[in-house]
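Protein chains in written order, with my numbering: chain R, 1 to 757; chain E, 758 to 909.
None of these hints come from the bench; they were simulated from the model. Since the model is a prediction, treat every value here as computed from it, not as a measurement. Treat the hints with care, since some could be wrong.
Unchecked claim - List time: in silico DSS-like cross-link candidates among lysine-lysine, alpha-carbon distance up to 30 Å: (1) R:Lys611 <-> E:Lys848; (2) R:Lys402 <-> R:Lys367; (3) R:Lys402 <-> R:Lys113; (4) R:Lys611 <-> R:Lys367; (5) R:Lys585 <-> R:Lys104; (6) E:Lys902 <-> R:Lys611; (7) E:Lys840 <-> E:Lys826; (8) R:Lys614 <-> E:Lys902; (9) R:Lys367 <-> R:Lys516; (10) R:Lys226 <-> E:Lys826; (11) E:Lys902 <-> E:Lys837; (12) R:Lys402 <-> R:Lys585.
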Amino acid sequence: MQGVKNTSRRRFLLGGVAVTGALVVGWGVMPPRQRLNAALPLPVHDGSVALNGWVGIGKDGTVTVAMPRSEMGQGVYTALPMLVAEELDVPLSAVQVVQAPIDKIFGNIAMLKDGLPFHPDDTGRLKATVSWIVGKVARELGLMITGGSSSVKDAWEPMREAGAAARAMLVAAAAAEWSVRPEDCYTGNGFVAHADGRRLAYGALAERAVTAAPGEVRLKSPEQFKLIGHPQPRRDTPSKVNGSAIFGIDVRPTGMLYAAVRMSPVIGGTVAGVNSAAALKMPGVVKVVDYSSALAEKTGAGAGVAVIARSYWQARQAALALDVQWHDGPLAGLSSAAIYAGFAHQLDSEDGYAYYKAGDMNVVEGKAAGVANTVNAEYRAPYLAHAAMEPINCTAQVKGGKVRVWAPTQSPGFAVDVAAKVAGVAAGDVELHVTMLGGGFGRRLDVDMIAQAVAIARQADGHPVQLIWSREDDTMHDVYRPAALARFSATLDAQGNVLGYDNKSASGAISHQFFKRNLGLPPGGPDKTTAEGEFDMQYHFPNQRIRHVIVDSAVPLGYWRSVGHSHNAFFKESFIDELAHAAGKDGVAFRRGLLLQHPRHLAVLNAAVAKAGKAPAGRAHGVALHQSFGTIVAQVAEVSVEGTEIRVHRVVCAVDCGLAVNPNIIAQQAESGVLFGLSAALFGEVTIREGKVEQTNFHDYPVVRLNQAPEVDTIIMPSAAHPEGMGEPATPPIAPAVANAVFKLTGKRLRSLPLKL
Amino acid sequence: MITLNINGKDVQVDADPSTPILWALRDNLNMTGTKFGCGMALCGACTVHLAGQPIRSCVTPISAAEGQKITTIEAMENDKVGKAVQEAWVKIDVPQCGYCQSGQIMSATALLRTNKNPSDADIDNAMSGNICRCGTYQRIRTAIKDAAKAIA
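Bound-form chain R, shown alone (with noise of 0.2 Å):
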């Protein structure tokens, strides 16, 4: 039984099932934390049976596989079934997606694992023991998560073995029928074959499969692989170009209407009273309800007004008559300036907790002999919005005890937990239909949208409601990249080594708030988000210490692209950047000589310099490398200034991601991930007054268009390692590489995001 774990062997066992006809008997004594069979039947189209709790087989041989991600551009819906089709055998646009019901075997425990705060060079006992004790945790809470840059490195294993067993299942029912032994049975393309010639399709094996003894299961060795590191083009494209594929704002149930909603401006505000009699006169308009009270909690977006409406633009101008009177409540007066002066005051009074420490803290804090230069800087960060181009939205049906809701969402099981406590039914009274995303970013791991479409809809009397926010709503009342104070302290010594390292940082903390909102888990301990980037930095110092201090500004927080490390790897590549100055070495040598230790990150960074060459005249490279969600990313930033203008005109990217599953969406999400940052390194600022949100649209919020893009020129490490993170490594090293390029053309180090000259 414990070899369906141990794929080291490249092999596992179905162990139980070597009966005939108990199949069901050996699922049931796998270990608790198997992933091939889910307590829930894979819900199959008429003509499909299932095989496994992933995989069902048609007569015509279409093969339907469980999707447990969501898609939301970094291309799962492609490849995840890559995963299946390789061990099954069959080609890729035989595969088809279904969502998958929610079932702990469909949890995301690569995430969870992730979010641990050990050092990638520990190799104790104590990480592995808490790791393989998370990883149980994760098994059992089941979490339905897309995020963390984890679907491929978490379905890795479960996904193949899903496909490779239901093979065997189906070799298993040819040599049955046959009278062969299944050793002597090949498959290919959807076939079962003999040597003598005989073989049957999938879609005529499939019935008699589901009671065949699979035996031994193999996976393929990778020189066997058809697809798996070969490019394949996205299964989702033919419908993304002809406005075919459905996002949540696309879904039309009969009789659906529209919501529209005013929330406080002041962030927790809410509502004092509202006069709706200019509203409800109104064309269109059905209904004002105020759902504040529907909320069951507090989610992170706002209590408020909603107008029902027949189409949503009667909603929205019905939604902009109404006239709400707000209590402000208890952050009325903050503002951006007292946040950082605030974190400022903590990072001075307060020691933090210490994620890493290593060597002697005598030397950390500048007491060593032979000091030749010492550097001290501080860096900062604002907050951010993820502006994803389809605005939040939700659209949901309370009717008769049931809830049906249709969502573009990253975390299925939160949305059907919230959907059920705002209705007051069982979770399994919810009927969830997870969408197309419009972009996701860590923004639609939050619930609260759901939350407040399933209150409006309570007072819709059964219609389905689509609740969509202005862009407006999305900018004021999101859950925001946490803004960031860091203060960096190192020593020299004559030859320009690094005696002592020293770094503290503070700001709020993302998964205090996140539990909170979604587990309801009180906040406490160290949260790895705050000092990710910092803490588990590649480079080798003898003496350093990294801290952290959470200061909660109450600012509704949330996931944003890469992460602690969006701002952290800003903070750390530009302030390395500075020691190599003041050791009077060049930026690429300097990092060269703290990564002896670490041959992949040297290669990462060599590919990616080799391959800039020499920066034209007028412009000037700058260099990253950082490390997150197991993926090494190095980066070079060609750069010119115009005035105050900074222009990015080329960047190499370089990404070790282990074994490159699909190298087309590996390459588009470097290009979308450098795309990302630099938007965010050039213009993302989101700041805070009277407790209000400033900006409000993409005129406020501007972010990178076309004629502003830099050419990103992508390499991909040739590897055999485990696959890891691809949605957001390539997003933290741009802010860095433009502004040690900016250094290099102007002389002056910017310290604050996003760049200004």
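Once you have looked at the hints, place chain E on chain R.
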């Protein structure tokens, strides 16, 4: 009731004349290929053609479209240039989340109708009103050039 000509067909829309074309398409006619992004003509997700010109349908009232032809993403596969653009988008694998791509394709098609061989500067001018948060810009540029070759 206002009569609109959409993709070559006259349709009746029961909406106030001030209603933006975007919402008449999406809510009155259930044509959801055209997307809402910003409501202020800042992002281009809602781009359609009005009398052959790319316009932002989120700020253009249906009253302005009476007696003129509206063309949407749903009709692009019947359009020689539009189809070439869609095919180039597939070949280059442009979309990621895909939400902005209807608008991108409408802008690109309008560009290639009047300019068979656009320069980088022409592409900048025609496409910089369309935001893509997934950052597919370099593939958009490549795909426009590819489509230009295909229709040459």
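Each hint tested on the structure:
Taking the CA atoms of Lys611 of chain R and Lys848 of chain E, the gap is near 26 Å; set against the 30 Å cutoff, the hint holds. Proximity of Lys402 of chain R to Lys367 of chain R is assessed by CA-CA distance (about 67 Å); at most 30 Å being required, the pair is judged violated. For the hint pairing Lys402 of chain R with Lys113 of chain R, the CA-to-CA distance comes to about 35 Å; that exceeds 30 Å, so the pair is violated. The suggested pairing of Lys611 of chain R with Lys367 of chain R is violated, with an alpha-carbon distance near 42 Å, which exceeds 30 Å.
With a CA separation close to 52 Å, the supplied pair Lys585 of chain R and Lys104 of chain R exceeds the 30 Å bound. Between Lys902 of chain E and Lys611 of chain R the CA atoms are separated by roughly 25 Å; this keeps the pair inside 30 Å, and the hint holds. Taking the CA atoms of Lys840 of chain E and Lys826 of chain E, the gap is near 19 Å; set against the 30 Å cutoff, the hint holds. Simply put, Lys614 of chain R and Lys902 of chain E have alpha-carbon atoms about 28 Å apart, close enough for the 30 Å limit, and the pair holds.
Of the supplied pair hints, the one linking Lys367 of chain R and Lys516 of chain R is violated, its CA atoms being roughly 42 Å apart against a limit of 30 Å. The suggested pairing of Lys226 of chain R with Lys826 of chain E is violated, with an alpha-carbon distance near 49 Å, which exceeds 30 Å. Using a Cα cut-off of 30 Å, the hinted pair Lys902 of chain E and Lys837 of chain E holds, with the two alpha carbons roughly 16 Å apart. Among the hinted pairs, Lys402 of chain R with Lys585 of chain R is inconsistent with the structure: their alpha-carbon atoms are about 66 Å apart, more than 30 Å.
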